[in-house]
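Starting from the known structure of chain A, arrange chains B, C and D on it as the hints suggest.
So you can see what is in the structure, the chains are spelled out below.
Protein chains: 4
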Amino acid sequence: MVVVMKKNATDEEVARVLSKIETLGLNAHLSRGKIRTIVGVVGDNSGIEPSVFESLQGVERVVPLLGPFKLASRDFKSEDTVFPIDGRQIGGKTIIVMAGPCAVESKEQIIQTALAVKKAGATVLRGGAFKPRTSPYSFQGLGEEGLKLLALARDVAGLAVVTEVMTPELVPLVAQYADILQVGARNMQNFALLHAVGESHKPVLLKRGLMSTIAEFLNAAEYILSHNNPRVILCERGIRTFETYTRNTLDITAIPVIKSLSHLPIIVDPSHATGRREFVCAVSRAAIAAGADGLIVEVHPDPENALSDGAQSLRPPEFEAFMEDLKKVAHAMGREI
Amino acid sequence: MVVVMKKNATDEEVARVLSKIETLGLNAHLSRGKIRTIVGVVGDNSGIEPSVFESLQGVERVVPLLGPFKLASRDFKSEDTVFPIDGRQIGGKTIIVMAGPCAVESKEQIIQTALAVKKAGATVLRGGAFKPRTSPYSFQGLGEEGLKLLALARDVAGLAVVTEVMTPELVPLVAQYADILQVGARNMQNFALLHAVGESHKPVLLKRGLMSTIAEFLNAAEYILSHNNPRVILCERGIRTFETYTRNTLDITAIPVIKSLSHLPIIVDPSHATGRREFVCAVSRAAIAAGADGLIVEVHPDPENALSDGAQSLRPPEFEAFMEDLKKVAHAMGREI
Amino acid sequence: MVVVMKKNATDEEVARVLSKIETLGLNAHLSRGKIRTIVGVVGDNSGIEPSVFESLQGVERVVPLLGPFKLASRDFKSEDTVFPIDGRQIGGKTIIVMAGPCAVESKEQIIQTALAVKKAGATVLRGGAFKPRTSPYSFQGLGEEGLKLLALARDVAGLAVVTEVMTPELVPLVAQYADILQVGARNMQNFALLHAVGESHKPVLLKRGLMSTIAEFLNAAEYILSHNNPRVILCERGIRTFETYTRNTLDITAIPVIKSLSHLPIIVDPSHATGRREFVCAVSRAAIAAGADGLIVEVHPDPENALSDGAQSLRPPEFEAFMEDLKKVAHAMGREI
Amino acid sequence: MVVVMKKNATDEEVARVLSKIETLGLNAHLSRGKIRTIVGVVGDNSGIEPSVFESLQGVERVVPLLGPFKLASRDFKSEDTVFPIDGRQIGGKTIIVMAGPCAVESKEQIIQTALAVKKAGATVLRGGAFKPRTSPYSFQGLGEEGLKLLALARDVAGLAVVTEVMTPELVPLVAQYADILQVGARNMQNFALLHAVGESHKPVLLKRGLMSTIAEFLNAAEYILSHNNPRVILCERGIRTFETYTRNTLDITAIPVIKSLSHLPIIVDPSHATGRREFVCAVSRAAIAAGADGLIVEVHPDPENALSDGAQSLRPPEFEAFMEDLKKVAHAMGREI
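Chains as they are written, first to last, in numbering that gives the first Met the number 0: chain A, 0 to 336; chain B, 0 to 336; chain C, 0 to 336; chain D, 0 to 336.
Same shape as in the complex, but just chain A (with noise of 0.2 Å):
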């Protein structure tokens, strides 16, 4: 951290960082300009907000360096996380796709997905049982009933399960059902619910929140990881901007920022990232490119009768030919689907 001090800041003021700097147990490096004087605080200051310094008079401004993540950073484990998620190893040299449904809605639309994804090449069966929505009159998804029908597509097609848990006190019934489990953008500083996936030991699939920077995204990594849990994969799923004619904006740029700051595995999600069937193919072929591990799309047997999101749903066809075509991007990249 960086403490810059005002310009007409007394030595008394300057001293008063100094001490407080000292207090927390960090050291200081004092540099005094003709205009203006800048202090280094160095040493593990993790969980140090930069307010600490800021609230303190003569401090103009104060400059974070390193987010306060640790055990999410390079600087921690130079080398990628890669471990395996039935069978394959996610964060390896193979793209993961998880593909199904926005929601679970039936036995037979579960299934029928399941078995299509599997022979068109997906790893992972996704489906939502719990659906955070905007409206309260919204459907909320088939809840347990849903995980259960999970379970049973698993079965049949011989796919692992990720799927969204919303609540801490959910998880360890989620846990029962599923594979991996989601938590959602709009949960991504849900803390206490990070703190439980934590503790359950599962792996996790994190998704970025939709306004969230890359910063707070690791961070909220570094609360399942703090919890002894090292299986955490990242998702982009886009972020919230002023375009709208897209549902959100993809940021494609943060898989090779990730990957430089992290050694945690990275996957897309294109279905929410754009909203549209249409430019799924697209931006998959360029997550790929970007370097991402995965994807995770969403598939649906019959989106015009969907019960949520069937506009950005690939049908059991298109996502054949989907994956034939990531096939290309991805040997050009030296990798395996």
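Please note that the accuracy of each hint is not assured.
Residues of chain D placed beyond 10 Å of chain A at every Cβ, according to the derived structure [as the list claims (entries may be wrong)]: (1) 7; (2) 27; (3) 57; (4) 59; (5) 144; (6) 150; (7) 194; (8) 229; (9) 240; (10) 259; (11) 284; (12) 286; (13) 327; (14) 335.
Covered, in the sense of this in silico footprint (three residues per stretch, anywhere, with C-beta under 8 Å from a C-beta of chain A), are these stretches of chain D [stated by the list, open to error]: (15) 96 to 110; (16) 151 to 160; (17) 270 to 278; (18) 288 to 302.
Derived DMTMM-like pairs: lysine to aspartate or glutamate, alpha-carbon spacing no greater than 20 Å straight-line [said to hold, decoys possible]: (19) 327(A) to 335(D); (20) 327(A) to 323(D); (21) 327(B) to 323(C).
Think of the hints as simulated: they come from the structure by calculation, not from any bench.
All C-beta atoms in this analysis are idealised placements derived from N, C-alpha and C, irrespective of residue type, glycine included.
Leaving out everything else, chains B, C and D in the frame of chain A:
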């Protein structure tokens, strides 16, 4: 809702849209132009999301007309919602000021602050016992001990207490000590929490998410109202934009906009919106002038040693001057503090 | 400027940064920590961009401390800039109101409006003769004919005139007719235009770009000031954010922020910021309460038939009520209209 | 366009909307529901802005359906626009790479760069002679001298030249030396400049404004096309969002979106989009995989001493590796470099 068909949409595709509308128990109004066809969807479509139609073939775009919120809207209830907080009416002629530290730190700190803000004219004491923090290593609040200190300070100073609750399971505990339950910006779409505070039948202070639209904000309020809990206070606290000079960008226009769309009282948090003490006074005056029903302001007896957010906290004498300053604008608006 | 070296930066890389600083005629202050090294750059670094250092090997990040603006800053000139506009002082105790239609449409329209706004207390008549339009097929203004009508209306009503100039070569023509040259939001970084209005030595109304930071805004003013033209009026008119309910998001906090950074007067355009007549009054009161020195408001005698922006224009009787409303807030602020 | 009436709109208000539509030579399609009335506006409404209707009483909202652009749209011209640049076709099977320094600094620098990028496979040399700079005190480019050096380098290396033109009056001068005129992001809505480059009948590289929507971008292209100049190349170069880790946020989805809306070729500027050399390669691969027709990349023989933007410039050997890397993705897409 208006469904806009693609230029080359076939009769069959239009027919499928019409039949979908019927299935949902709604009425269609067809407008067939030379270039394209438009279908108006009429009836109670709360809870029906645009994606239901977007997924149909031949559909170019769906334009939602009303937010799906109902109980929160002025259409539903035209007169302002007014209810008492500690003997004063919020939503009426009086401007309610809530003040106190970001976090409860000690008995001394909270009692000293409570007495100071009471003396200067505040009605409600704010203070966090459970703190949402970006990093798991930051100070997370005193927990139940903090709640007890808040209750003690309330009794000593004669104020109501507002404090944040972060998870559904903590609602009963927090409700024991607090007069108003606060749902923080990061939890604005934590739907389980919204249900829980709705069921508590306590007054709720709902903060706008820092990247939430006004429609999402009112839908979040709808979750609470739908539990037959009408005592919701909205709080604009700044949104996230490209401008980084201040912590967030206060959306001042949201005040008259929300007043036109909803009957609920709305207050402003100038401390989080600006992040800097020196701008708190100017934006608070602006909030009152724009029609806000109150303010929630951070006050700390010793900001330089605050455990969080010191940079944006007023000192007690500054708060006194602040209240004097506000009075003039309040009177110009025909209101009282 | 502060140059932050990478964790593993070599001594050689640090040496190269130091030598670069020297080459530029500046002084370096080295702060070497256990983990990383920080170099403070001291001296007059206006005009030196962070990228000069960012490109050096071993550099992680460069933190600019001051905007490079100088003449526009309070450090350069501590007292407020005040100058007369049609006999009244802008930047002083008086709130200056500029009002008129979006575009000059006819002699009747502009004279009728001029008389109405004069009567209600406006000091300056606004009206576009050259209109920047998103589409080449939209009405582009009456051109020189519009300027003549503005000048006529000025003489009839006794007001100053502000109107937009869109290209450097039009500056002499527009300067013949206008008392204040307006640089529109889309042209805030049209540097050739900034030079030209600077050289004109006319008062300039500079609108903030809808995508511009406060630092960029003040740097744009610097272009004008650097031509020895001190009569610059800044205008906050809303920025572009994810919120689409209103046309733009008025950045109310920019007012006290700019007042703290710069000595220049600043006014607010509530019409473009909100895009809707019904919110103009509330945000104008807020602007005055936040410390703005004036307003520029759209008024049209017949908004339903306006050629542009009718939805945000007040009718003359609405404008009269608006002025009455503002007076109360102005008086609460110790100012006059 | 769809005009949505307020719930309580009177018959008279509806009638006024209908008569307005008629006045404009368009047709109305009335859809009267129990709750509200919707009016579809049919006919050629290019150039008619929503505000024409928004200003009418009883109107709640106007929904524009088509951007007003016409010549730029796929509806107008369904097949891709392809035209030759220095013997290669842009918009066709070949990926066109434009490369060179941010600014022309010296004869040596530009010739050395030209030879290096030619050797590695670039088709076009980029380099700024007139530089738009945030601060008036920054290096503003070599001016005409820079243009001459570019022309010299073109002849020596055998490349086409693209360079920025900042004002209408400079168009003839720049057109003498350049093969492609570049309109920079800050000038995307400098309409006088758009007219001038349109009239020049030179190929134009039009950069997206950093806070411009896709619709505004295509409308800016429309200005150029409307002068019967069909050779427009669009360039996505990142938009401004809340994320500050990278300079801008590359809107990767804009590529397939624009390909669906328009027939014009589109390229990507990974250097300005990311601001950092280390991410240029990954996002360039992503751009190709998303369907871009080319790239414009900053290359500098000595980035550490570049006068601007060194941090984002590739060194010649890095550029060679970059081209090799791109080829694989291009081939996977069935394209050539």
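Taking the numbered hints from earlier one at a time, note which ones the structure violates and give those numbers from smallest to largest. Hints 9, 10, 11, 12, 13, 15 and 16 are the ones this structure does not satisfy, whereas the remaining hints hold.
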